[in-house]
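K.L.:
As given, the protein sequences belong to chains A, R and C, one line each in that order. Read in order, the letters of the first sequence are residues 0 to 168 in numbering that gives the first Met the number 0. Read in order, the letters of the second sequence are residues 0 to 225 in numbering that gives the first Met the number 0. Read in order, the letters of the third sequence are residues 0 to 781 in numbering that gives the first Met the number 0.
Since the hints were derived computationally from the structure, they do not count as laboratory data. For glycine and all other residues, C-beta sits at the position ideal for the given N, C-alpha and C. Among these hints, one or two may not hold up.
Unchecked claim - Straight-line Cα separation of at most 30 Å, DSSO-like style, residue types lysine-lysine; simulated pairs:
id: 1; chain 1: C; residue 1: K140; chain 2: C; residue 2: K158
id: 2; chain 1: R; residue 1: K120; chain 2: A; residue 2: K156
id: 3; chain 1: R; residue 1: K72; chain 2: A; residue 2: K100
id: 4; chain 1: A; residue 1: K86; chain 2: C; residue 2: K67
id: 5; chain 1: C; residue 1: K102; chain 2: R; residue 2: K86
id: 6; chain 1: C; residue 1: K133; chain 2: C; residue 2: K528
id: 7; chain 1: C; residue 1: K139; chain 2: C; residue 2: K528
Claimed, not checked - Computed footprint of chain C on chain R; a stretch qualifies when at least three of its residues, placed anywhere within it, have a C-beta under 8 Å from a C-beta of chain C:
id: 8; stretch: 54-64
id: 9; stretch: 113-127
Claimed, not checked - Covered by chain C, according to a simulated footprint, are these stretches of chain A (three or more residues, beta-carbon under 8 Å):
id: 10; stretch: 31-38
id: 11; stretch: 122-135
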Amino acid sequence: MIYRFLLLVLVGVIVVLIYTGIRGRTPPIVQPIAYNHKLHIDNGLNCSDCHQGIGTSSPSAGRPSIRTCSTCHDPSSPLGKSPEEAKLLEFIRNDREPPWKRIYRVPDYVYFSHYRHATLGKIGCDTCHGKVEGLTEPPPRPLVRFSMDWCIACHKKNQVSVDCNRCHK
Amino acid sequence: MARYGMVIDLDKCTGCQACVVACKSENNIPISTPEESEEGRKISWMEVIPRVEGEYPHVTVKFIPRPCFHCDKPPCTLVCPVYATYKNDEGFVAQIYPRCIGCRYCTQACPYTVKYFNWYKPRWDAPLQACFNPEVSVRPAGVVEKCTFCHHRLMKAKEKARGENREVRGEEYQPACVQSCPTGAIYFGDLDDPKSTVHLLARDPRAFRIMEDLGAEPKVYYLSEK
Amino acid sequence: MKLTRRDFLKWSGGTAVAAGVLHRPLSSLLQADDFSSEWGPGTETYIPSTCLLCPCACGILIRVVDGKAVKIEGNPLSPVNQGKLCPKGHSAVLELYHPDRLKKPLKRAGKRGEGKWVSISWEEAVQTFAEKLKELHHQKKPHTFVFLKGNGYGLTTGKMIERFLQAFGSPNLVISPSRSGMDGAYWATQGVSGVDYDFSHTRLILSFGASLLEGQKSLVHFMNVFGNSRGENRGRMRLIQIEPRLSVTGAKADLWVPIQPNTYATFALGIAHILIRDGLYDKEFIEKFTAGFEDWIDEEGKVREGLKTIVLRDYTVEHVSEVTGVPLDTLLQVAYEFARTRPAIALSDWNATWAPDGFFTAIVVHSLNALVGSMDVPGGVLLPPSLPSGELPPLPPDTPTQAPILPPEKALLPSLPEWPFFQNLMENRLPYMPEVLFLYHTNPVYEYGKGEKIRKALDSIPLIVAYTSLMNETAEYADLVLPEPSVLERWEDVPGFASGTTLVGIAQPVVTPLYDTLPLGDFLIRVAKAVGGSLSSAFPFENFEEALEAQLNALFSARRGTPFTDPLEVANIRSLEERGWWTPVESSLEDFKTRLLEKGGWVDPYYPYGEPSRIYQTPTRQFEFFPLVWKRLGIPTPTGPIQSAPSDPEYPLFLLPYFPLVLWNGGGELPWLQEVLSPILPVNWDSWVEINPETAKKLGVEDGEVVWVETPAGRVKTRAKVYSGLPPDGVAIPAGLGHTSYGRYARGKGIPVAEILTQDSVPHTFFPSWFSTPARIRKVRE
Chain A
0 MIYRFLLLVL VGVIVVLIYT GIRGRTPPIV QPIAYNHKLH IDNGLNCSDC HQGIGTSSPS
60 AGRPSIRTCS TCHDPSSPLG KSPEEAKLLE FIRNDREPPW KRIYRVPDYV YFSHYRHATL
120 GKIGCDTCHG KVEGLTEPPP RPLVRFSMDW CIACHKKNQV SVDCNRCHK
Chain R
0 MARYGMVIDL DKCTGCQACV VACKSENNIP ISTPEESEEG RKISWMEVIP RVEGEYPHVT
60 VKFIPRPCFH CDKPPCTLVC PVYATYKNDE GFVAQIYPRC IGCRYCTQAC PYTVKYFNWY
120 KPRWDAPLQA CFNPEVSVRP AGVVEKCTFC HHRLMKAKEK ARGENREVRG EEYQPACVQS
180 CPTGAIYFGD LDDPKSTVHL LARDPRAFRI MEDLGAEPKV YYLSEK
Chain C
0 MKLTRRDFLK WSGGTAVAAG VLHRPLSSLL QADDFSSEWG PGTETYIPST CLLCPCACGI
60 LIRVVDGKAV KIEGNPLSPV NQGKLCPKGH SAVLELYHPD RLKKPLKRAG KRGEGKWVSI
120 SWEEAVQTFA EKLKELHHQK KPHTFVFLKG NGYGLTTGKM IERFLQAFGS PNLVISPSRS
180 GMDGAYWATQ GVSGVDYDFS HTRLILSFGA SLLEGQKSLV HFMNVFGNSR GENRGRMRLI
240 QIEPRLSVTG AKADLWVPIQ PNTYATFALG IAHILIRDGL YDKEFIEKFT AGFEDWIDEE
300 GKVREGLKTI VLRDYTVEHV SEVTGVPLDT LLQVAYEFAR TRPAIALSDW NATWAPDGFF
360 TAIVVHSLNA LVGSMDVPGG VLLPPSLPSG ELPPLPPDTP TQAPILPPEK ALLPSLPEWP
420 FFQNLMENRL PYMPEVLFLY HTNPVYEYGK GEKIRKALDS IPLIVAYTSL MNETAEYADL
480 VLPEPSVLER WEDVPGFASG TTLVGIAQPV VTPLYDTLPL GDFLIRVAKA VGGSLSSAFP
540 FENFEEALEA QLNALFSARR GTPFTDPLEV ANIRSLEERG WWTPVESSLE DFKTRLLEKG
600 GWVDPYYPYG EPSRIYQTPT RQFEFFPLVW KRLGIPTPTG PIQSAPSDPE YPLFLLPYFP
660 LVLWNGGGEL PWLQEVLSPI LPVNWDSWVE INPETAKKLG VEDGEVVWVE TPAGRVKTRA
720 KVYSGLPPDG VAIPAGLGHT SYGRYARGKG IPVAEILTQD SVPHTFFPSW FSTPARIRKV
780 RE
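Next comes chain A alone, as it looks inside the complex (with noise of 0.2 Å):
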């Protein structure tokens, strides 16, 4: 008896250890530039300044485009002396596109749209992104984990449709 209880138990580490073992396996994300969200929020900026996508049409939130860092940061007269912003203004100088890597993904089956979330639904950027404003670095990974039961959740609390048809596409 006490062995059976003894191999449960096992079987439990075992478990949980493959499970923590995966879950430890997923890299952590390391962006081109440690970006730092509140140094820029302190400065005044919202949100939408930079992810333009936001309060339009699109469904897409937007990655900013160097165009849109250099509307402040000039190559020719740096703003800091952050090796960060030096990092930048090399990107900028080469036109080149940070490689800037995605941090919040809905699956490919999943229709998301920004639009309809954050500029119709007005909800906030942190219900789904977490208090992202606060970031003095990039999050290595997501600081909310989203599933289906969450959306739906949601979707019930405010009494949005559930059908799969709206979002899975």
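Fit chains R and C to the known structure of chain A by using the hints.
P.N.:
Chains R and C only, in chain A's frame:
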């Protein structure tokens, strides 16, 4: 709520297959290889079906474009064991790929053979995947897929209309095949709206539905003199 | 109409779904394939451009998402296609992202045709080519530079090619054969090089085998018109299709008239006979604007027979009915309908004119328009007005001109035809050998089905340059292969004409070029600069865009037309221009050009009717019927009906090649098109031979069986498809397949029908004579 449907004028259709190719482009339909095509595993949500009748020189040829009919009483949804295909509140027969277990009961149940099984993992010769439509997913192997009436276009149109505080206008939402048809043979709109073209045409003396006696109530009507 | 589920299963491949096992490896359950795009800026735009995949000049809108061309739609403002598009237009994205596109200029490394290449820079390519040209210049033989031009549709690019040759001193611009096939008739009867038809306003079209719904230079425009004359508008325009094999056009016509192969001319003259006999022709028009109708006395005092005499004597209805196999009452019905419906158009294309008597056929078919007075009237035959042209510096007057490379025959058309060039090259009969051969949008090694012979003949040419975006059969044999930007990566201005509306479509780059490519115009400018001298001064441009800009400036200062705009505004401009007025929509040149690029092109809806001196530029300044043309060209007047059906007991069948819509003007290289080859027979990625069910039964051939198709020119193996739209003594094979190169999607798919055609040149027009091949079917295993 709008009841979207289609009317296809066979007297206008010239079998050019612009609708077929427009659909391939819009919906990221995988490109078949000659071998797959030979085995009948080519996927074509919109298909032009020819009918040749008679003997030389008394021969007639008809072209019948065939999308999913989005039946009001769809036989395919009744047999799905996992609710992967169902008729939604807008009247579309939906196909939810992540739910689909690939049993293909629905492909058997559909009298119009509009459902296609994905035999192969999606693959595109690089860089062809650059022309993917971001609004449509790429289906994995082992699921059944079919025409959606370009439902994603309705989603976008609805979003736009909501942003402007109005209803979706008739011409705003058209599937890719309708938009492309060079002879204007395909009409699309709200079958219940007495002012819409499809409403009127569905009541035309030339109008009929295919295998009407099955009672599936397809929302695709055809027009033909003969 | 009754359809069963069986029909659907048969055609949609549902049968395969019924069999098989659940095929879904566990890994795919755990891990979905991720095709979601990289994280882009999320920008989406629609950029207008012009389709360059055929001569229609359809306006297109390209949906560009994060810098990638995702989808192509029709431009609703284009008067050609009005927002619609054919399957080929949609496939232009595949042309852009084709995996086998040439990425850099290539220079031959091994022996010719060995397939060994080294990548070189454009600088080196320009230098190599320029050095050779300089050498020719010093040796005083610039005429040995021969330029082969296929179907590139850019107006400015075309002008630059002509200018380059003139400034360099070569008369040898060789043009690949037009599939319209009617050019010879326009030139002979009207003295003009290309007419068009007012499909929108005509009430009857009498088509002698023309591929109106499958391949012609107004395809999408015509499909628009066709759709508008069916269904709720039935009867607005009737279509009568005369052809031996029931084509898509025939299937959709109001009346299909099956006819013996190659008897189109006789049938047309039979109609002329009825029109004249019963006095149903337009007497006023004949008197005022035509010559050669009545008998006349020539300068030697001899009486010459005019059309009337010949037709009344030689083309009696009984005789025509017998020759053509068309029942008497059908012949009469067609003739009376054509006579009594105004306006009506009679036309034809390569299906009738790439035949031994093709020139005669083209002329007599076109003459029917004159008989009913359908020339230069709404709903009839129109001549597109000339386009405003950009000012270029004059060429140096002392440019040496040698005789063109083709033997001095009675060349009818102003351009040199490609097929006799290769015939003479193969038989070593050219007056002098080309030193440099430049191929632009042409692939003769494939096109004429004489691959080995042409390749061998090319051996004697020191430098061959091929300009193409995909490696093809001829380029494989070149010394330099230069990559052209795709349709969506380059500038062009494309002339178009849609039922009286003249237009110029602008093609513009919609994505950043994927590879190290260069538009031909830029290449020519760079070469001109490297060669120097008069060639350099003929091209005072930094790049092609400057040259194009000069052309756009000309459109602005022409004081006519407008950038594309909505149909109401266009109608308004038409009515203004009809009264001789014009008001500029844009105040400045910059505004004008901006609008041009925003809207996709320029349109002038005004057509100047009633300018006979423009319409008839023959020596008599009138429409000339064939007896007069024959005399002018020194061709003996035919006595009795012309007929050319082969009667060889060894080869009892008549071979009818044809182009399905998606293969007309190329298309086999694009996989979406390979999947929809034929709307009538469900074959894809492969060729087939169509056989009448009776004939198949007699030969013991089953549908889908692989058979030999044998002709005096050779044989090919392909699968048989039984099609009852084919006459019992005919076989049909689609053309445009069977490439051995041209990218992975075209290579090895089907068979090239040109290889088994006995093609001579059509007298006077020099088209390859495709419709003169007898054939037989043989089972692979008896």
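K.L.:
Confirm or reject each hint.
P.N.:
Now for the hints, and whether the structure bears them out:
Using a Cα cut-off of 30 Å, the hinted pair K140/C and K158/C holds, with the two alpha carbons roughly 23 Å apart. At most 30 Å may separate the alpha-carbon atoms for a hinted pair to count; K120/R and K156/A exceed this at roughly 37 Å. In summary, the hint linking K72/R to K100/A is not supported, as the alpha carbons are separated by about 46 Å, beyond the 30 Å threshold. Simply put, K86/A and K67/C have alpha-carbon atoms about 27 Å apart, close enough for the 30 Å limit, and the pair holds.
Distance check on the hinted pair: K102/C and K86/R sit about 48 Å apart at the alpha-carbon level, beyond 30 Å; violated. Using a Cα cut-off of 30 Å, the hinted pair K133/C and K528/C holds, with the two alpha carbons roughly 11 Å apart. As the CA atoms of K139/C and K528/C are separated by approximately 19 Å, the hinted pair is consistent with the 30 Å bound. Only residues whose C-beta sits within less than 8 Å of a C-beta in chain C count toward coverage, and the stretch 54-64 of chain R has 9 of them, enough to reach three; the restraint holds.
Note: the stretch 113-127 of chain R has 11 residues with beta-carbon separation from chain C under 8 Å; the three-residue rule is met and the coverage holds. Coverage of a stretch by a chain is defined here by at least three residues with a beta carbon nearer than 8 Å to that chain's beta carbons; for the stretch 31-38 of chain A and chain C the count is 0, and the condition is violated. Counting residues of the stretch 122-135 of chain A whose beta carbon lies closer than 8 Å to any beta carbon of chain C gives 0, which falls short of the minimum of three for the stated coverage.
In summary, the numbered hints that this structure violates are 2, 3, 5, 10, 11.
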